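Number of protein chains: 6
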Amino acid sequence: APIFDKEMYQDNSVAGVATGLAWTQSGGEILFIESSLSKGRGTFTLSGQLGEVMRESAMAALSYLKAHAEELGIDYRIFSHYDLHIHVPAGAVPKDGPSAGITMFTSLASVYTQQKIKEKLAMTGEITLRGKVLPVGGIKEKVLAARRAGIEEIILSVKNKKDIDEIEKEYIKDLKFHFVETIQEVLDLALTKEKVKKPLIFKIEENNPSTSQN
Amino acid sequence: APIFDKEMYQDNSVAGVATGLAWTQSGGEILFIESSLSKGRGTFTLSGQLGEVMRESAMAALSYLKAHAEELGIDYRIFSHYDLHIHVPAGAVPKDGPSAGITMFTSLASVYTQQKIKEKLAMTGEITLRGKVLPVGGIKEKVLAARRAGIEEIILSVKNKKDIDEIEKEYIKDLKFHFVETIQEVLDLALTKEKVKKPLIFKIEENNPSTSQN
Amino acid sequence: APIFDKEMYQDNSVAGVATGLAWTQSGGEILFIESSLSKGRGTFTLSGQLGEVMRESAMAALSYLKAHAEELGIDYRIFSHYDLHIHVPAGAVPKDGPSAGITMFTSLASVYTQQKIKEKLAMTGEITLRGKVLPVGGIKEKVLAARRAGIEEIILSVKNKKDIDEIEKEYIKDLKFHFVETIQEVLDLALTKEKVKKPLIFKIEENNPSTSQN
Amino acid sequence: APIFDKEMYQDNSVAGVATGLAWTQSGGEILFIESSLSKGRGTFTLSGQLGEVMRESAMAALSYLKAHAEELGIDYRIFSHYDLHIHVPAGAVPKDGPSAGITMFTSLASVYTQQKIKEKLAMTGEITLRGKVLPVGGIKEKVLAARRAGIEEIILSVKNKKDIDEIEKEYIKDLKFHFVETIQEVLDLALTKEKVKKPLIFKIEENNPSTSQN
Amino acid sequence: APIFDKEMYQDNSVAGVATGLAWTQSGGEILFIESSLSKGRGTFTLSGQLGEVMRESAMAALSYLKAHAEELGIDYRIFSHYDLHIHVPAGAVPKDGPSAGITMFTSLASVYTQQKIKEKLAMTGEITLRGKVLPVGGIKEKVLAARRAGIEEIILSVKNKKDIDEIEKEYIKDLKFHFVETIQEVLDLALTKEKVKKPLIFKIEENNPSTSQN
Amino acid sequence: APIFDKEMYQDNSVAGVATGLAWTQSGGEILFIESSLSKGRGTFTLSGQLGEVMRESAMAALSYLKAHAEELGIDYRIFSHYDLHIHVPAGAVPKDGPSAGITMFTSLASVYTQQKIKEKLAMTGEITLRGKVLPVGGIKEKVLAARRAGIEEIILSVKNKKDIDEIEKEYIKDLKFHFVETIQEVLDLALTKEKVKKPLIFKIEENNPSTSQN
Ligand SMILES: [Ca+2]
Ligand SMILES: [Ca+2]
Ligand SMILES: [Ca+2]
Ligand SMILES: [Ca+2]
Ligand SMILES: [Ca+2]
Ligand SMILES: [Ca+2]
Ligand SMILES: [Ca+2]
Ligand SMILES: [Ca+2]
Ligand SMILES: [Ca+2]
Ligand SMILES: [Ca+2]
Ligand SMILES: [Ca+2]
Ligand SMILES: [Ca+2]
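Protein chains in written order, with the working numbering: chain G, 1 to 214; chain F, 1 to 214; chain Z, 1 to 214; chain C, 1 to 214; chain L, 1 to 214; chain W, 1 to 214.
Check before you lean on any hint, since a few could be wrong.
Since the list can't tell identical chains apart, any single copy or any two copies may satisfy a pair.
With a straight-line Cα cutoff of 25 Å, these simulated BS3-like cross-link-like pairs (lysine-lysine) come out [stated by the list, open to error]:
#1 173 <-> 95
#2 120 <-> 193
#3 161 <-> 195
#4 197 <-> 95
#5 95 <-> 169
#6 197 <-> 140
#7 159 <-> 120
Because the hints were derived from the structure by calculation, they are not lab data.
Since the model is a prediction, treat every value here as computed from it, not as a measurement.
From just these sequences and the hints, can you work out the full model?
See the structure below:
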């Protein structure tokens with residue numbers, strides 16, 4: 001039996017939800033990276049039975065975002081005035097590997113800017129701190145799963161182009177592929193300029209009790 | 001022998017006590033999620049021999065609540081001026097899994113608003129950070145246990161409707177089911193507008209020694 | 001050989017010492033829960049080779065006490081201006097289980113109010129955050145041990161009444177049993193209004209170096 | 001071969017060095033508990049390959065001392081302005097058990113008061129938070145080792161008197177035994193009123209950078 | 001199959017990316033040490049499945065840099081006002097050993113000065129706190145891998161010169177070797193005086209909320 | 001093969017580098033204890049694959065130094081305004097045992113005073129908090145290794161004199177031995193009054209952002 005409950009692409013109405021692709025023993029699956037912010041003092045929580053490599057991916061995605069906050073128009077004070085939680089459902093399924101890296105980055109970019117992610121878009125690729133997108137495995141299974149789930153566009157590393165070329169054309173004729181080298185390209189493709197419906201209005205209260213008490 | 005001492009539904013007079021459903025080797029059981037607040041500086045304690053997945057569920061429930069505190073009318077300063085403890089009796093019985101997620105959320109919503117939870121209501125379902133309610137297992141056993149314990153209404157994920165449809169009607173004719181997709185629906189069903197008898201009056205003392213000393 | 005050195009009930013002259021009942025391979029024993037406070041900044045130390053379940057019991061007992069401090073007449077600032085240590089002798093004997101829960105609560109109530117615990121009283125029962133007293137095992141052995149140690153009254157969960165009813169009357173004719181449902185009842189039975197001989201005088205120095213340095 | 005290098009009693013010129021008795025596979029040994037203070041902010045370090053029970057003994061000894069600081073004439077601010085280190089040589093020999101408890105307490109009482117410990121005195125006994133001295137094992141071997149090492153007086157729990165009575169008189173005729181019930185008795189016997197030669201002069205600088213920076 | 005994806009030297013346009021040499025079961029490889037800074041309060045994160053020895057190398061590299069910050073023209077306040085992340089792709093490949101020490105140091109020197117690292121340069125060698133460069137293993141395999149990846153210059157410990165002398169000349173005729181004894185020599189060879197294209201402008205805001213809130 | 005790369009004594013130009021003696025399966029070796037300070041807030045880092053006993057030795061050495069800072073002329077504020085790192089190369093070789101204790105103390109004394117350590121001097125011995133130097137094992141192998149490495153003087157515990165007496169005179173005729181009882185004697189022998197070439201000038205900036213931000 002599939003370990004992920006077969007998921008369909010849903011919508012892009014909530015900030016911080018990006019669609020990734022996972023490779024499991026029973027084939028490919030889509031998965032959602034969910035990022036959420038709440039007033040606090042900059043703590044960072046990860047959940048969803050994530051293995052060590054996937055946790056390190058999340059840390060790399062966050063460091064890259066923080067190091068490039070200014071370019072993204074993110075007030076850096078948000079990082080120390082809001083708590084961040086990244087969760088990957090389903091919560092009982094162990095997950096690991098570096099391939100969610102760029103999905104995690106996209107999720108973070110969306111939640112910190114409150115901008116929508118492009119609709120019906122999925123992605124898979126490793127992130128590095130210098131902004132490269134590295135190739136990952138299981139491409140064929142991931143792509144077929146994306147199609148079944150209603151995905152229309154997929155972002156991959158240029159080094160994964162050869163894996164797409166090996167898939168029979170008729171299976172993927174209705175999918176659009178984007179082969180990228182850098183995180184900046186991922187961002188340009190995935191993050192729209194449109195805010196989500198009920199965007200979080202960030203409040204940086206300099207002298208409130210929440211921030212002065214620690 | 002059953003590992004949970006057979007419990008009956010009790011009452012909704014104490015804030016922060018929500019009724020969940022567990023699935024054990026010896027069948028279904030009801031269980032209570034107990035949340036408690038005391039003046040402090042925002043620490044979070046979990047107890048009751050909870051496994052890693054159940055702990056992550058509690059963290060997701062809390063993050064969702066914090067991210068939506070304003071909509072719930074919760075003064076966000078409570079999170080940093082009160083300590084939170086979530087306990088699940090019986091304290092010696094190991095428990096795990098994601099199915100208590102929405103019960104934990106309901107317990108938290110009640111303790112932070114000091115509003116009563118609807119009487120004779122139980123629930124089971126996984127929570128996600130984007131506010132979806134995911135299906136869980138063991139539905140038949142859980143439902144029968146709820147009935148034995150005096151429960152009259154049950155909240156489930158819409159994706160668990162098929163599990164209810166497979167149960168013989170006569171066993172569940174006196175139960176009312178609510179099939180939901182989102183946490184917001186859980187909240188609308190489970191949290192009454194009525195305060196508990198002796199509600200905790202939150203005090204946010206801006207310059208008291210307890211908060212300024214750290 | 002008994003793993004606990006056979007202890008006799010001593011006296012109630014020191015605040016924070018409550019008498020519990022343990023169930024070991026070699027039969028029942030009384031045990032002492034010792035709570036101690038010293039000026040500090042609210043740290044919490046547990047010792048006596050306590051297992052995970054017993055540690056969680058202590059945490060639940062403390063959370064319940066903190067959440068009900070006002071009703072007990074405890075200035076909540078004591079929690080952040082004094083360090084708490086709970087120790088259970090003998091220090092080399094591993095101990096576990098939830099049954100010391102209400103004993104731990106009673107020990108804490110005594111040390112934070114500096115009121116005497118009723119003489120020649122022992123108790124055994126699990127504590128929950130909502131204030132229920134749950135039943136525990138090994139009742140017969142525990143009760144016989146209490147009698148040998150000079151105990152005259154015992155507090156138990158109402159759900160343990162059936163275990164007492166099964167003991168031959170002649171063994172327990174000189175013991176008085178209190179069957180309770182809530183922690184409040186334990187408190188009414190166990191904590192006297194009388195202060196201990198040399199009560200600790202709590203000092204909350206708002207701007208002293210000890211509290212301002214962190 | 002003995003695992004402790006055969007030690008002789010040395011002298012009482014340094015504050016915080018108390019003589020305990022250990023029981024090893026190759027017989028009894030004396031051991032030194034060394035406590036040291038240095039300006040800091042109240043950290044607590046333990047070393048000497050101490051097992052969990054022995055570490056908990058040290059914590060109990062420290063808590064008892066702190067809770068009774070006023071009676072000992074110790075300015076409680078020292079606890080937060082000086083760092084404490086307890087070390088037990090030889091550093092590579094694993095040590096465990098509760099029997100060093102009263103020796104640790106005596107070492108702490110000496111280092112925080114800078115008073116000398118009585119000469120040629122050793123002790124062995126478990127400490128409890130309520131101030132009782134509990135009996136320990138290996139008495140015969142420990143006593144013989146003490147004699148070989150030049151010890152003239154030994155403090156024991158009254159409950160260990162029966163172990164002394166079983167030793168042939170001629171082996172112990174030149175030793176003086178003190179059987180105690182409480183820590184207070186240990187203190188009265190072991191801590192002299194005389195300061196050590198170069199006593200540490202405690203400085204509590206209220207607004208210095210060392211204490212205000214954290 | 002090679003566990004590292006065969007990498008080619010890329011360019012020196014990003015600060016904090018230095019090229020090291022790894023020795024794997026399938027031969028030598030180049031690897032990138034990526035260091036990144038973002039506004040924060042001086043936290044230090046390591047990722048890339050690094051073993052304990054490699055983590056200690058990173059700590060030694062950072063300590064050496066901090067101890068010599070003034071000589072490098074680094075404002076020491078940057079260390080407490082910016083968070084540091086060192087990542088080594090590929091993120092799923094376990095890596096260990098001390099040989100990346102001088103590469104880590106070079107990466108750090110570049111990111112804290114925002115100066116370019118010399119082009120087409122790789123290095124391998126252990127770092128020590130006193131500034132020595134110690135020899136490492138796998139030199140032949142590492143050197144051949146460097147050549148395949150487009151590297152033109154290599155820094156090694158003088159004690160590794162004998163390993164180079166054993167390689168056939170024709171394999172390495174187009175490579176330039178630098179044999180060094182100290183970290184200072186590494187720095188003189190590897191760090192150019194030229195700033196990277198879009199250098200990070202360090203901002204030390206003395207009283208901003210980010211730094212005053214902790 | 002020797003697990004330590006055969007090292008020769010180098011020089012005493014860098015503060016905080018002391019020469020110890022190790023005993024390995026392949027014989028004796030010299031090893032360097034490297035201590036380094038950088039502006040910070042008093043953190044303490046240990047590296048070099050040190051086992052638990054060796055880490056505890058380092059902690060004891062540091063505590064002794066701090067407790068006797070005034071006698072050494074060390075401004076105690078340095079401890080909270082500078083970060084300390086102790087590293088023992090080679091970084092991949094596991095090391096353990098108490099015998100580096102006095103070498104660690106000497107290294108610390110040098111780095112905190114910026115005074116030179118006497119040339120061509122090595123030492124081996126356990127440190128205790130009360131200032132005793134305890135004997136250690138492997139003396140013959142250590143001494144022969146010291147001689148091969150160019151060492152001319154060696155400090156040992158008086159209790160190790162018997163081990164030297166057992167070595168044939170001709171092997172050690174050009175070595176000078178110092179047998180000591182206390183750390184103070186080690187200090188008098190090992191630490192010169194001369195500052196190192198480029199001494200670190202300690203700066204205690206009372207209100208700078210580095211120290212006020214925590
Ligand atoms: Ca896990
Ligand atoms: Ca993915
Ligand atoms: Ca457990
Ligand atoms: Ca549930
Ligand atoms: Ca244990
Ligand atoms: Ca009990
Ligand atoms: Ca150990
Ligand atoms: Ca002892
Ligand atoms: Ca690992
Ligand atoms: Ca390298
Ligand atoms: Ca290790
Ligand atoms: Ca040594």
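These are the hints, each one checked on the structure:
1. 173 <-> 95: neither (30 Å within a copy, 40 Å between copies)
2. 120 <-> 193: Classified as within: same-chain Cα gap 16 Å, cross-chain 39 Å, threshold 25 Å.
3. 161 <-> 195: neither (32 Å within a copy, 35 Å between copies)
4. 197 <-> 95: neither (31 Å within a copy, 38 Å between copies)
5. 95 <-> 169: Classified as neither; 30 Å inside a copy, 39 Å across copies.
6. 197 <-> 140: neither (35 Å within a copy, 38 Å between copies)
7. 159 <-> 120: both (23 Å within a copy, 22 Å between copies)
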